[in-house]
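S.K.: Sequence:
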Amino acid sequence: MTDQIAPAGQDAGTENFVHEIRVGWGDCDPAKIAYTGRLPAFALEAIDAWWEHNLDGDGWFQMELDRGTGTPFVNMNIDFRSPVTPRHRLMCEVWPCKLGTKSITFRVDARQDGVLCFEGTFTCVFIDPTNFTAKAAPPDYRAVVEPRLRPA
Numbered sequence: 001m002t003d004q005i006a007p008a009g010q011d012a013g014t015e016n017f018v019h020e021i022r023v024g025w026g027d028c029d030p031a032k033i034a035y036t037g038r039l040p041a042f043a044l045e046a047i048d049a050w051w052e053h054n055l056d057g058d059g060w061f062q063m064e065l066d067r068g069t070g071t072p073f074v075n076m077n078i079d080f081r082s083p084v085t086p087r088h089r090l091m092c093e094v095w096p097c098k099l100g101t102k103s104i105t106f107r108v109d110a111r112q113d114g115v116l117c118f119e120g121t122f123t124c125v126f127i128d129p130t131n132f133t134a135k136a137a138p139p140d141y142r143a144v145v146e147p148r149l150r151p152a
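The sequence shown: position 32 = 32 (full-length UniProt numbering), numbered continuously.
Calculated from the structure, these hints are not laboratory results.
Bear in mind that the values here come from a model prediction, so they are computed numbers and not experimental data.
Keep in mind that a hint or two might mislead.
[As the list claims (entries may be wrong)] Subject to a maximum C-alpha distance of 20 Å in a straight line, what follows is the list of computed SDA-like cross-link-like pairs (lysine to any residue):
#	residue 1	residue 2
1	K102	T121
2	K98	D79
3	K102	A134
4	K32	L116
5	K102	N75
[To be verified] Distance ranges between label pairs, derived from CB positions:
#	residue 1	residue 2	range
6	D56	F80	28 to 36 Å
7	L65	A136	17 to 25 Å
8	P129	W25	18 to 26 Å
9	P129	N75	14 to 22 Å
10	E146	P83	20 to 28 Å
Don't be surprised by glycine CBs; every beta carbon is placed ideally from N, CA and C.
Can you build the whole structure from these sequences, using the hints too?
M.R.: Printed below as a string of structure tokens:
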């Protein structure tokens, strides 16, 4: 799996982040397409990769254990557009589309061979993992997210 950056505009932080996923035989159901339950997992893998790319290699594991901030999901909305199969790599474009005081929403557009397969929004709450209570987005996270915000 690889990550790709494609220019989206002239300003720093406006590049498109795309995470590549290899869809395998084991991801499929008897209908010979990716099992529906795998699609949110692919999107979450891509969001974790976005964090790793933008937080100096730190993904969710390091964010919670080393940086002291968890980000559990509180909402997921996915629209399915076309079947996902093992025939092509699944290219998941990820970007933050909303940053609240204590939450963040990501948009994921997943394509195979240029065809939109699914799109969705995924909202997390920033928490203190020691007591599982909501907290404000850390300033270093805000500094990473704010210049990359785009409409959903």
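S.K.: For each hint, tell me whether it holds in the structure or not.
M.R.: Verification of the hints:
no. : hint                   : result
1   : K102 - T121            : 17 Å, holds
2   : K98 - D79              : 19 Å, holds
3   : K102 - A134            : 7 Å, holds
4   : K32 - L116             : 18 Å, holds
5   : K102 - N75             : 14 Å, holds
6   : D56 - F80: 28 to 36 Å  : 34 Å, holds
7   : L65 - A136: 17 to 25 Å : 20 Å, holds
8   : P129 - W25: 18 to 26 Å : 36 Å, violated
9   : P129 - N75: 14 to 22 Å : 20 Å, holds
10  : E146 - P83: 20 to 28 Å : 36 Å, violated
When the structure is compared with the earlier hints, violations turn up for hints 8 and 10 and for no others.
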